[in-house]
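Asker: Given the sequences, and given the hints that come with them, work out the whole structure.
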Amino acid sequence: MAEFGFQSVTNGSIIGLTSDLQHKAWKGSMSKKLLRISGVNKSFPGVKALSEMQLDLGHNEVLALVGENGAGKSTLMKLLSGIYVPDSGTFEIDGEQVVINGTKHAQELGISIIHQEFNLMQDLTVAQNIYIGREPRIGGMFLSEHALNRKARLLFEKINIDLDPKARVGDLTVAKQQMVEIAKALSYKSRILIMDEPTAALNDAEVATLHELIRNFTNEETGVIYISHRMDELKAISNRISVIRDGEYIDTVDTAATTMREVINLMVGREISGNQRPETHVPSDEVVLKVTGLATRDFLRDINFDLHKGEILGFAGLMGAGRTEIARAIVGADRISAGSIELNGKPVTISNPAVAAAMGLGYLSEDRKHLGLLLERDVKDNIALSSLKMFSRMGVINDKAMKSTATTYIDMLRIKTPSSTQIAKNLSGGNQQKIVIAKWLVKDCDILIFDEPTRGIDVGAKEEIYALLNDLVAQGKSIIMISSELPEVLRLSHRIAVMSEGRLTGFLSNVEANQENIMELATRNIESAVLAPLPPSSAQRAPKQESTAN
Amino acid sequence: MTLTKEDAQSARIASNKKSELNTRIRASFQQLLAFASLLALVLFFSVASSNFLQAANLSNILLSTVVTGLLALGTTFVIITGGIDLSIGTGMTLCSVMTAYFMTQLGLPMILGVIGGVLFGALIGCTNGFFVAVLKIPSFIATLAMMMVAAGLALVISGTKPIYTNEVEGFQSIFALGKSIPGLVIPNAVFILFAAAIVAGVVLSKTVLGRYTYSIGSNMQATALSGVNVTKWTVMIYTFAGAFTGLAGVIAAARLNSAQPAGGMGLELQAIAAVVIGGTSLAGGKGSIIGTVIGALIMSVLTNGLSIMSIPQEWQQVAVGVVIILAVYLDMVRRKKTTQ
Numbered sequence: 013m014a015e016f017g018f019q020s021v022t023n024g025s026i027i028g029l030t031s032d033l034q035h036k037a038w039k040g041s042m043s044k045k046l047l048r049i050s051g052v053n054k055s056f057p058g059v060k061a062l063s064e065m066q067l068d069l070g071h072n073e074v075l076a077l078v079g080e081n082g083a084g085k086s087t088l089m090k091l092l093s094g095i096y097v098p099d100s101g102t103f104e105i106d107g108e109q110v111v112i113n114g115t116k117h118a119q120e121l122g123i124s125i126i127h128q129e130f131n132l133m134q135d136l137t138v139a140q141n142i143y144i145g146r147e148p149r150i151g152g153m154f155l156s157e158h159a160l161n162r163k164a165r166l167l168f169e170k171i172n173i174d175l176d177p178k179a180r181v182g183d184l185t186v187a188k189q190q191m192v193e194i195a196k197a198l199s200y201k202s203r204i205l206i207m208d209e210p211t212a213a214l215n216d217a218e219v220a221t222l223h224e225l226i227r228n229f230t231n232e233e234t235g236v237i238y239i240s241h242r243m244d245e246l247k248a249i250s251n252r253i254s255v256i257r258d259g260e261y262i263d264t265v266d267t268a269a270t271t272m273r274e275v276i277n278l279m280v281g282r283e284i285s286g287n288q289r290p291e292t293h294v295p296s297d298e299v300v301l302k303v304t305g306l307a308t309r310d311f312l313r314d315i316n317f318d319l320h321k322g323e324i325l326g327f328a329g330l331m332g333a334g335r336t337e338i339a340r341a342i343v344g345a346d347r348i349s350a351g352s353i354e355l356n357g358k359p360v361t362i363s364n365p366a367v368a369a370a371m372g373l374g375y376l377s378e379d380r381k382h383l384g385l386l387l388e389r390d391v392k393d394n395i396a397l398s399s400l401k402m403f404s405r406m407g408v409i410n411d412k413a414m415k416s417t418a419t420t421y422i423d424m425l426r427i428k429t430p431s432s433t434q435i436a437k438n439l440s441g442g443n444q445q446k447i448v449i450a451k452w453l454v455k456d457c458d459i460l461i462f463d464e465p466t467r468g469i470d471v472g473a474k475e476e477i478y479a480l481l482n483d484l485v486a487q488g489k490s491i492i493m494i495s496s497e498l499p500e501v502l503r504l505s506h507r508i509a510v511m512s513e514g515r516l517t518g519f520l521s522n523v524e525a526n527q528e529n530i531m532e533l534a535t536r537n538i539e540s541a542v543l544a545p546l547p548p549s550s551a552q553r554a555p556k557q558e559s560t561a562n
Numbered sequence: 068m069t070l071t072k073e074d075a076q077s078a079r080i081a082s083n084k085k086s087e088l089n090t091r092i093r094a095s096f097q098q099l100l101a102f103a104s105l106l107a108l109v110l111f112f113s114v115a116s117s118n119f120l121q122a123a124n125l126s127n128i129l130l131s132t133v134v135t136g137l138l139a140l141g142t143t144f145v146i147i148t149g150g151i152d153l154s155i156g157t158g159m160t161l162c163s164v165m166t167a168y169f170m171t172q173l174g175l176p177m178i179l180g181v182i183g184g185v186l187f188g189a190l191i192g193c194t195n196g197f198f199v200a201v202l203k204i205p206s207f208i209a210t211l212a213m214m215m216v217a218a219g220l221a222l223v224i225s226g227t228k229p230i231y232t233n234e235v236e237g238f239q240s241i242f243a244l245g246k247s248i249p250g251l252v253i254p255n256a257v258f259i260l261f262a263a264a265i266v267a268g269v270v271l272s273k274t275v276l277g278r279y280t281y282s283i284g285s286n287m288q289a290t291a292l293s294g295v296n297v298t299k300w301t302v303m304i305y306t307f308a309g310a311f312t313g314l315a316g317v318i319a320a321a322r323l324n325s326a327q328p329a330g331g332m333g334l335e336l337q338a339i340a341a342v343v344i345g346g347t348s349l350a351g352g353k354g355s356i357i358g359t360v361i362g363a364l365i366m367s368v369l370t371n372g373l374s375i376m377s378i379p380q381e382w383q384q385v386a387v388g389v390v391i392i393l394a395v396y397l398d399m400v401r402r403k404k405t406t407q
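Line by line, the protein sequences are chains P and Y.
Quick note on our numbering: the first sequence kicks off at 13 and runs consecutively.
Quick note on our numbering: the second sequence kicks off at 68 and runs consecutively.
Derived by calculation from the structure, the hints in this document are not laboratory data.
Heads up, a few of these hints could be off.
[Stated by the list, open to error] Derived lysine to aspartate or glutamate pairs resembling EDC-like cross-links, with alpha carbons at most 16 angstroms apart:
hint	chain 1	residue 1	chain 2	residue 2
1	P	Lys-170	P	Glu-209
2	Y	Lys-273	P	Glu-224
3	Y	Lys-273	P	Glu-147
4	P	Lys-116	P	Glu-147
5	P	Lys-45	P	Glu-245
6	P	Lys-247	P	Asp-297
None of the values given here were measured: they were computed from a predicted structure.
Answerer: Given below as structure tokens:
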């Protein structure tokens, strides 16, 4: 597939991307590895997290580390950053055995880790964040803000990052915050940089910039361990790929000599079906949701679409195109300024998500952890949360009924949990997502809006979610699926709606859609979108001229 | 090629400058808003009553700000770390008692008594810090317990009777006497409050301790992962904050020329209210000393002004409550606007 052929202009700043920068050659023949891990074991009460784990990272190498959620990646990272102490096993840097004593010692050894959840102080500035704990001082106690900012500025020049040292981190975009994390890691004169899902929240141009930084960082003295679920990225950035599964080391393959299919098979330990489109199940003609002329005050314009019974309608578009905003507007989380919504042929007014849920319209947020789950509560509480009325009489909750319903859905969706009373936080991302789905199924929602249903979920669990979505529509539910992963959209959707800058720029049927024509619609600017004819297969009207009130 | 590079560079500098300016404007706007509310209150009461803008009354307002103001200064640090300190009210009382005890029972010289009182406050803070940072007891509970312990100890040490300090030479002048600017006598205590505010302000914005105060409140885990000894610094922040409780205790004793062992309960809430009105977030990470000073002044201007307008005391409390809600709500609305 096309790698990163997108414009490199983001946020008004020009990122110095030069096309001729070559992938630095990996030297596999170095006698002493930069980092070698062997025979590492780590157990927690009741769980063996790592068993005889091994891994080696060469000089000037980007090593991709992949494994399903729960495979042991984060445990391994915590061992390397000195947060955990291994039960047994050895760590060697340049052939010398080391014992990592706490986070500070890890940094001194040249190991820096960029965690998936950023470790930044939102209320401090960029420079203050980077040099926290190492701030330039006057007389031991007083801070020199001037020296601090100058130091940061020199660092940014050296590693070629565009950041304002004095900007408050909380005001930055996620991509810029990522840059702060990286700058911080590099400021430690790190030799081994470990990145956990660094691109989870980045758009393609930002990913390209990040990869550029990584290539600039790697040299004869350094190496990178790159953890990601995005298979196409591994192909673009890594030299080798190490696969771990269930706490054990499986295999390492040369990226150039492997296929992504092979890597996925190693990860999940079984064959996975490829990119087929939905099987013969055909949605009915019955329109369950009709959106006409929908607009919000400052962003969405003239949104028109129909959702059919038994259909998966995919929403594609670049980040910030307005897909989540449509979902939020429909379920009443954001106010709409114009347009109407019909459910099963009847016009409805949806003032908030509770009303939407009562009408059988469920929204599964992209931010599962913050907006979809009570992480500290158990599985059954989460599943029953939206329909407590069903499980209570005069305000008193019937725990038994809740438990048995929860158990039914645990079996039905194959949620991997020891029991219905397990705390949601302790489950993997895929299983957490299934809990959220179960919650809306209990509520008996006929229309489900999935926003990034597989974000942060490993490949095996993704397959299960896909199968689940297909089952749901086969049972007559209707689904709107918002996803940033094109293969996912292509594979699941009966039809695909593409958005750009707050408008729908076109619809594609699953027969005609491919990555190229979706991207073409997603990058189309508004003027041409209004003028250009829609693809012939689209069942929708041509967009009307601006008809919205502010 | 070089041209575009330079263009990019200058565009980058320009955009940096712009965002820097924005941050500055926003920060000063926040303080401006609190200050404007203070001025509006002063203006309102001046118009409402001719007695308000008298030198003697202004001096009164400043005097009544001193004790809660000092408590608020210390607790600003604790609140910015994301914690809360409920022990400052009775802690202050205990420090009063200890100061008087040092000077009368132990017969220490005045200056040692004062230093002893301040250090005792730091000790209370240090103990709170130990509970919070080392034993990991939530600050609300740890300082709630300390509030009760301090109230009890103050009664035990004093034998439930006031300790008079009449015989300690010069002690009362800490509070009362002062320099007179033509037409306006400013008592020493007010100078002490402002000196303390300057020290607190410098420590919060210019020192390592202040930086870690913000950092811990903003993201404790991230601070720890960055190699900062969060436990040590939390204890130090609470200790530093406690010294202000001690100082408040000394001033309270000097004001009455005696240590009154039964009071103090409830002052902590007034101090916290002043901090919150001053724009410090109870969620941690945000706040300023100038805000706290203005917040404390707003509280005393309000109480004083309402008294002058002969509004009964019970209604004054209602008014203060309303002001707290207003101040915090307006602050939230403003924050929402600036982030959009």
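Asker: The structure should be examined with respect to each hint, and the outcome stated for every one.
Answerer: Consistency of the hints with the structure:
As the CA atoms of P/Lys-170 and P/Glu-209 are separated by approximately 24 angstroms, the hinted pair breaks the 16 angstroms bound. Of the pairs offered as hints, the one joining Y/Lys-273 and P/Glu-224 is violated, with about 37 angstroms between alpha carbons and a cut-off of 16 angstroms exceeded. Note on Y/Lys-273 and P/Glu-147: the hinted pairing holds, with a Cα-Cα distance of about 11 angstroms set against a maximum of 16 angstroms. Proximity of P/Lys-116 to P/Glu-147 is assessed by CA-CA distance (about 15 angstroms); at most 16 angstroms being required, the pair is judged to hold.
A C-alpha spacing of about 24 angstroms is found between P/Lys-45 and P/Glu-245, which places the hinted pair above 16 angstroms, so the restraint is violated. At roughly 42 angstroms between alpha-carbon atoms, P/Lys-247 and P/Asp-297 are farther apart than 16 angstroms, so this suggested pair is violated.
Hints 1, 2, 5 and 6 from the earlier list are contradicted by this structure; the remaining hints agree with it.
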